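With the hints as extra help, turn the sequences into a complete structure.
Read top to bottom, the protein sequences are chains E and B.
Mind the numbering: the first sequence is residues 3 to 472 in this note's numbering, read in order.
Mind the numbering: the second sequence is residues 1342 to 1543 in this note's numbering, read in order.
What the hints contain is simulated information worked out from the structure, not anything from laboratory work.
Computed from a prediction, not measured in an experiment: that's the story for all the values here.
Where hints are given, some of them may not hold.
[Claimed, not checked] Mimicking EDC-like on lysine to aspartate or glutamate, the simulated pairs with C-alpha atoms at most 20 Å apart in a straight line are:
#1 E:Lys-136 - E:Asp-286
#2 E:Lys-136 - B:Asp-1451
#3 E:Lys-136 - E:Glu-84
#4 E:Lys-136 - B:Asp-1534
Here's the letter readout for the chains.
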Amino acid sequence: MTTIVVLFPFVSLTLAALLANRSMRSVARVFLAGAGLIGTILAASTMDWLSAIFAVSVSLLCAIVVLFSTGILPKGGNNPMEPWSRKPAYFILLGAFWSSMLLTVTSTGFIGIWIGISATTLATTFLVAYSGGKAALEAAWKYLMLCSFGIAIALIGMLLLGRAAMMAGVAPGQALSWSALIPHALLMDIPLTRVALTLMLVGFATKAGLVPMHAWLPDAHSKAPAPVSALLSGLLVSCALYAILRVQSVAAHTPSAGLFDGILLYGGAASILIASLLMLAQRDVKRLFSYSTVEHAGIVAFALGLATPLAAFAALYHILNHAFAKSMAFLSVGMVQEQYGSTSIGDLRGLWSVRGGRTLLAAMIALAGLPPFGLFFSELLIVVAAVQVRAWSALAIALVGLLIAFAALLRLAIASESGTHAHGLPAPKLRLATVAVSCVVAASSALVAVPFVPWSHAVYGLLAAMVNRP
Amino acid sequence: MSVVIILAGAVLVIDSRLRSALVAYVVFTLSVLWVAHPQGPQANAMGITLFAMLAFVKVVVGPAAVLWLRMRYRVPDDLVPSFNLGIRIGVVAVALYLARYFSHAQAFSDAPGATTVFYAFFASICVVILHRNLLAHVVGLLALGSAVTLAAAVFAPSLPGAIELADTFDAVFATFIAIAVARAVIQHDPHLDMRSLRNLRG
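In structure tokens, the structure reads:
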């Protein structure tokens, strides 16, 4: 069942691209995206809680992005020179991206996660380069090179972890499955396990865009078409953080847990501070949101580094909230870009009165960590968890970073929403895109209720078991 | 075989011609495959078939794709090193020193060949860092795939062969994608110099 769910988006969107009639292709895409989402929801019962939550989130956001992209073909495509810069290829690659993320979050071992994460790089490089412009090609090149090297480092870490596991008596076929690794974690060679876990962390952190491995992220996320940026920032980073969470579930049962958590804690705090400082210097709204992604990945890493059940729950809650809020931001920017023809902050005025402008403001409020959005509650929980474990120095760095990020978003909100826009803006058909953005807004708002629904206690229990020391 | 890998890695880092780099890469990879070839219980029909596929894509398909781009678009043979010859030789020496240093760590005390693995890994990264031609980056990516194969053979030979196969296909797919992107970059810069792709900063 899970295999079918994983393969369905790629296969179905590829088949849809083969349909001769243009309208039929559009209808088929929307229908198949919905079917992919329903299939994931049905299959979620066969997965563990963590995988189920991520899988449903991946399929929900991907389905919304397919809907959005059907409404607005990203600008700059249809370059006759490059086959990957055409609309059918765009949707096939989107399907491949969706499938590879599902593979990442539904795998029961590190090999599946690694294959999924590396497949996301292969599927999205062409999406980043979709516009075919020089800047997009530069972003795609950096993305491909840095992420390929990053995941190679993760693979070497996995090989070393497999070696340590086999030396501890785990069967070779099970040596990279976390359910087999955890019971043997205390028997594994300590120095070897320490090196292995650190390399895996560095590799997956490259994909998550944590400082100092973040250089590719602002370029790739800002140069990709807006719907792709939504998936890269909202989901791909979440998948990489999911991989880190799974590595931490093994690390927590080894004597190297303290080192691992320390790297996450201070790496996360540094990511928050550096990314927020860079947010202040940005003149392009997509690039600013890209640095905001680095900041939020840092918040999650910081929370995971605290290594308490409350912090782990808050980290997971933050990942989900960020995924939807950032998707809302990028999809809104896509609508605004369709009308203004620009994403430069200097060109955006009077957004309050245009389509996408108000949802963009809502997204900025959410990303700044203000109520009523879920990011406020997840950040509050993380601060409480940090106070509980007295991580004062890291907390101080993180709080300074959060204040700076808030200032950067406030400045953007004032600059872009106030004033009046230039007259004579084009009035493109944004019906489907509006529906898509409304879905993200609804999902983002609904997440506020998560801590109050009964199954969140089961998730809390699962995470507590993952991070609790033996 | 370690000496051949070290020499081929040195040529990859030091030499500034694409043809030499490709020859060095093929020698480097053949040596790695010699170390990694299936032995004992893994030398069954399945293992040998997987290994043959792995060898074919690494030694034939990857370099052939790079050569195709070079000949089709008349890309200069110069890999445009960022540093002079002396520094590049120094980098090789440092890579060798670091590889020996790391391999003497307690974690690798019972892994003969760890020095070669680390050296292969550092050399692959240095190929990318020390050259500005995008095709040098592609060769570095291919070499990194071989370094991972070597790491699998030395550190965890009994892990499932699917891991190496997955890595090989990842490296080769990444190579093809890199070549497709490089082909698009040629429209902006026929020399494929990384300097022309340094506008996104800050």
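Going through the hints against the structure:
1. E:Lys-136 - E:Asp-286: Holds. Lys-136 (chain E) to Asp-286 (chain E) sits at ~17 Å (cutoff 20 Å).
2. E:Lys-136 - B:Asp-1451: 49 Å, violated
3. E:Lys-136 - E:Glu-84: Within the cut-off at roughly 13 Å; holds.
4. E:Lys-136 - B:Asp-1534: OK: Lys-136 (chain E) and Asp-1534 (chain B) at ~13 Å, within 20 Å.
In terms of the numbered hints stated before, the structure departs from hint 2 and from no other.
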